[in-house]
Every structure is written in structure tokens, then in C-alpha cells.
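S.K.: Those protein sequence lines, which keep their order, are chains R and Y.
Under this note's numbering, think of the first position of the first sequence as 43, with each following residue one higher.
Under this note's numbering, think of the first position of the second sequence as 43, with each following residue one higher.
Take the hints with a grain of salt, since some may be wrong.
Identical copies go unnamed one by one, so any copy, or any two together, can satisfy a pair.
Below, a list of computed lysine-lysine pairs in the BS3-like style, where the Cα atoms sit at most 30 Å apart [said to hold, decoys possible]: (1) K223 to K200; (2) K44 to K144; (3) K226 to K183; (4) K64 to K144; (5) K159 to K223; (6) K44 to K200; (7) K223 to K183; (8) K64 to K200; (9) K183 to K159; (10) K159 to K144; (11) K144 to K226; (12) K226 to K200; (13) K183 to K200; (14) K64 to K237; (15) K226 to K159.
Worth flagging that the hints you see were computed from the coordinates, not collected in a lab.
Remember, it's a predicted structure, so these values are computed and weren't measured experimentally.
Protein chains: 2
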Amino acid sequence: MKFYDCSVAPSPRRVRMFIAEKGLDIETVEISIRDGEQMSPEFQAINPYCTLPVLELDDGTRLTNSVAIWHYLEAAHPEPALMGRTPLEKGLITNWQWRIEKDGMEAMGEALRNTAKPMAGRALAGPHAYEQIAELGERGKLRVQRFLDGVDDIIGSKPFVVGDSFSVADIDLLVMIDFAKWLKLGLPEGAANAKRWYEAISARPSAQL
Amino acid sequence: MKFYDCSVAPSPRRVRMFIAEKGLDIETVEISIRDGEQMSPEFQAINPYCTLPVLELDDGTRLTNSVAIWHYLEAAHPEPALMGRTPLEKGLITNWQWRIEKDGMEAMGEALRNTAKPMAGRALAGPHAYEQIAELGERGKLRVQRFLDGVDDIIGSKPFVVGDSFSVADIDLLVMIDFAKWLKLGLPEGAANAKRWYEAISARPSAQL
Numbered sequence: 043m044k045f046y047d048c049s050v051a052p053s054p055r056r057v058r059m060f061i062a063e064k065g066l067d068i069e070t071v072e073i074s075i076r077d078g079e080q081m082s083p084e085f086q087a088i089n090p091y092c093t094l095p096v097l098e099l100d101d102g103t104r105l106t107n108s109v110a111i112w113h114y115l116e117a118a119h120p121e122p123a124l125m126g127r128t129p130l131e132k133g134l135i136t137n138w139q140w141r142i143e144k145d146g147m148e149a150m151g152e153a154l155r156n157t158a159k160p161m162a163g164r165a166l167a168g169p170h171a172y173e174q175i176a177e178l179g180e181r182g183k184l185r186v187q188r189f190l191d192g193v194d195d196i197i198g199s200k201p202f203v204v205g206d207s208f209s210v211a212d213i214d215l216l217v218m219i220d221f222a223k224w225l226k227l228g229l230p231e232g233a234a235n236a237k238r239w240y241e242a243i244s245a246r247p248s249a250q251l
Numbered sequence: 043m044k045f046y047d048c049s050v051a052p053s054p055r056r057v058r059m060f061i062a063e064k065g066l067d068i069e070t071v072e073i074s075i076r077d078g079e080q081m082s083p084e085f086q087a088i089n090p091y092c093t094l095p096v097l098e099l100d101d102g103t104r105l106t107n108s109v110a111i112w113h114y115l116e117a118a119h120p121e122p123a124l125m126g127r128t129p130l131e132k133g134l135i136t137n138w139q140w141r142i143e144k145d146g147m148e149a150m151g152e153a154l155r156n157t158a159k160p161m162a163g164r165a166l167a168g169p170h171a172y173e174q175i176a177e178l179g180e181r182g183k184l185r186v187q188r189f190l191d192g193v194d195d196i197i198g199s200k201p202f203v204v205g206d207s208f209s210v211a212d213i214d215l216l217v218m219i220d221f222a223k224w225l226k227l228g229l230p231e232g233a234a235n236a237k238r239w240y241e242a243i244s245a246r247p248s249a250q251l
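Based on the sequences and whatever the hints tell you, model everything.
M.R.: Structure follows, in C-alpha cells:
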């Protein structure tokens, strides 16, 4: 297997943390998005969507998004389970992971890609050039802050996003909160449950990657 | 269990088809988005995100998005498998389902919600009012057509999106193509593989729902 990574982007970090939590050792290739390597003909031959991460399996199959890579690795290496064991756990973990991806990570991408100067003409990831839409950037920032304001209620008194064990929902929430610092947005003052959770998850070895 | 459905919206259809393919019989409650019932205090108490579908489990847990509902039902009722049996199948089905959701269904939502007059002030699903952004509506239409132009390559000579069996990737692709008719967009002329696939999937009993 070969893992195409990018150390500065949020989506590949979701998979780096997952691989570390599973204790797997996978050959890794760094692709520099600062140098535009994801748009090169060489990388387009690997992933026509021009995005990271990519997991290349031994039979040559390539999985080109984080959630697909998680599902493959979870099924191939079930322990420790990071996507739930029972139907209820699987349902709840997906419920929150999807929500964090949609209302948190996607809103963050909307905000950053439509406001940051180096992202001009790159308002969406992928092979096509889309111009920035200023109004969409502002809407994205508003959505990110609304999401961050709700994290305290998502966590409540629990140690993890879902139940008593670490899961992909925790990975996505951590990656989202850390990356929102680029927008100078963060958890609100007084979000005691969210901050307790954030400190505990940030201290995991996988979170250092 | 109780399934909160909406017969005219695309996301609930993803779950209706899944339930039918599994041969399950689940009590169903219709919520009328034409009458704005998803914004009512009664429904907000069921789902604060004001979206359909919702699956309410017997212990009172509520799953509030299609993908979470699929994972719960797939684990609770494994046969027939609709999300893959092997690690490779699970990875590939998720790979395509996620891609269809992102580049197809989400682009469609972007196009429709930012251009249709009845959607004024409702440019995103959920409890918050967001104004339409005309430029985003146009971008959405362009993305939908680009996605539809690529379906023939996704299908190729295969009977299904992934391998030899029907999966959630087929459900999402069918729901996306059917709903794109509201935008007067469709598969391009000459997309012979995509059209063969579309006719076969459209003929399934679950697709009549």
C-alpha cells in the first residue's frame, strides 16, 4: 500500500491520525500543494480529482477520499475499532462524523477558499478552476462560527463525541477546530466541555501528526 | 422504529430505496416541506437540523442524515449487503458514493437552492436563513452538468457503479440524475453506458418509490 499525504492540509490529517490510531505502518509519499504538485500531470494520473489523501492498494486500486480510505482500513484492520462495533455505535458515529464534515469542515473550506488570496481561482478543490465568491466566503465564516458555538453541546459531559471510545468523529472534530485557527476562529469562551475534550484529544500521540 | 420521510425531496428517497432493497417494513411519517413542516417547533424537537430523513430507533435515538441511517440499517440487517462485504468493496462503494454525494448531489442542492424562487432565504437546509447567492447558483449548474458528463466513464461496461452488485452508490447516482431533471439537466447524448445503467436501475421496484 502507498499513502499519498500532504502535511499542511486538513483532509490528509484525518487519515494520518486514523493510521496512527490503528498502529499501521504504510509507505507515505508527501505531495506539496504549496508547489501545486496535486495539479501536475504525474499526480493527475494517480488521482484525476487532484486531491489528497489517496490510498493506493497493492492491487493498484486507488481510493481518493478520506471516508473511503477509513472504511477500507477499518474492514481490513478491525482493531481498535474507530467506526463503531454495534449497529447503534456505527449509526451514531456516522451521524456525528457526517455532521462535523458537512457543517464544520465544508464550511471551513468554503470560508478559506473564497477569501484567501493564494486560493484565487481555486475556490473548489479539483481539476477545474472556479473563481472566488466573496459573499460565499463571508457565509462560510458565519457557518464555521455557528458550528464552533455548538461544539460544547455536542460534547456535553461525554469523554468522546460518541459514547466511551475514540472514533473518526473525534478525529474530524479535532482536525476541524485546529484548521479553523487559519480563519482566526475558535471555540467560544466558556465552552468548558468542548475545551476539556479538546485538551484530552490533542494530547493523544496521533494528534501530533 | 419510525422513519420520517418526505416524498418530494431527494435525500429521503435515498433511504426509502435502501429500506425497500433490504425488504424492511418500517413505520413511516410523511413531513411536508411544501408546507414548511420541517421548520415547525414540533419537528425541531425531533430534529433540530430541520432536515429529512430521520430514523428514530426504539430506544429513542434519532439519526438525522441518510448515510448514518444506512450504516445503522446495514449493520442491523446485513442481507442483502448494500455497502460491500469485503474491505475492497466497502472502500470502493464508499469512494463512489461519497464522490456522487459531493460532486453530484451537493452541486445540485447548490444550484437549486440558489436559483429557485420558492427557496429565497433558504439557500442552505437547516434552521438558519441564508440568502441566495446568484453566482453560486450558476456555479452549481455548471458543476452538475460536468458531473453528468462524467457518468458514462464512471459506469463503463459495468452493470453497477461498483462491481457486480447493487449498492448505495447506485442509489445515490439514480436519485441525483432523477432530481437533476428539476434543473432541466441530464445525461448527455451518446452516454450509452450511463443510459443502459439508468434504465436498468430505474426498473427496480425500489426505484418506483
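S.K.: All hints, please: hold or fail.
M.R.: Here is how each hint holds up against the structure:
| no. | hint | result |
| --- | --- | --- |
| 1 | K223 to K200 | within (24 Å within a copy, 45 Å between copies) |
| 2 | K44 to K144 | both (28 Å within a copy, 24 Å between copies) |
| 3 | K226 to K183 | within (10 Å within a copy, 32 Å between copies) |
| 4 | K64 to K144 | both (25 Å within a copy, 27 Å between copies) |
| 5 | K159 to K223 | within (17 Å within a copy, 36 Å between copies) |
| 6 | K44 to K200 | between (36 Å within a copy, 27 Å between copies) |
| 7 | K223 to K183 | within (12 Å within a copy, 32 Å between copies) |
| 8 | K64 to K200 | within (22 Å within a copy, 34 Å between copies) |
| 9 | K183 to K159 | both (16 Å within a copy, 25 Å between copies) |
| 10 | K159 to K144 | both (24 Å within a copy, 25 Å between copies) |
| 11 | K144 to K226 | both (20 Å within a copy, 27 Å between copies) |
| 12 | K226 to K200 | within (27 Å within a copy, 47 Å between copies) |
| 13 | K183 to K200 | within (27 Å within a copy, 42 Å between copies) |
| 14 | K64 to K237 | within (25 Å within a copy, 42 Å between copies) |
| 15 | K226 to K159 | within (16 Å within a copy, 35 Å between copies) |
In summary, the structure agrees with every hint in the numbered list given earlier.
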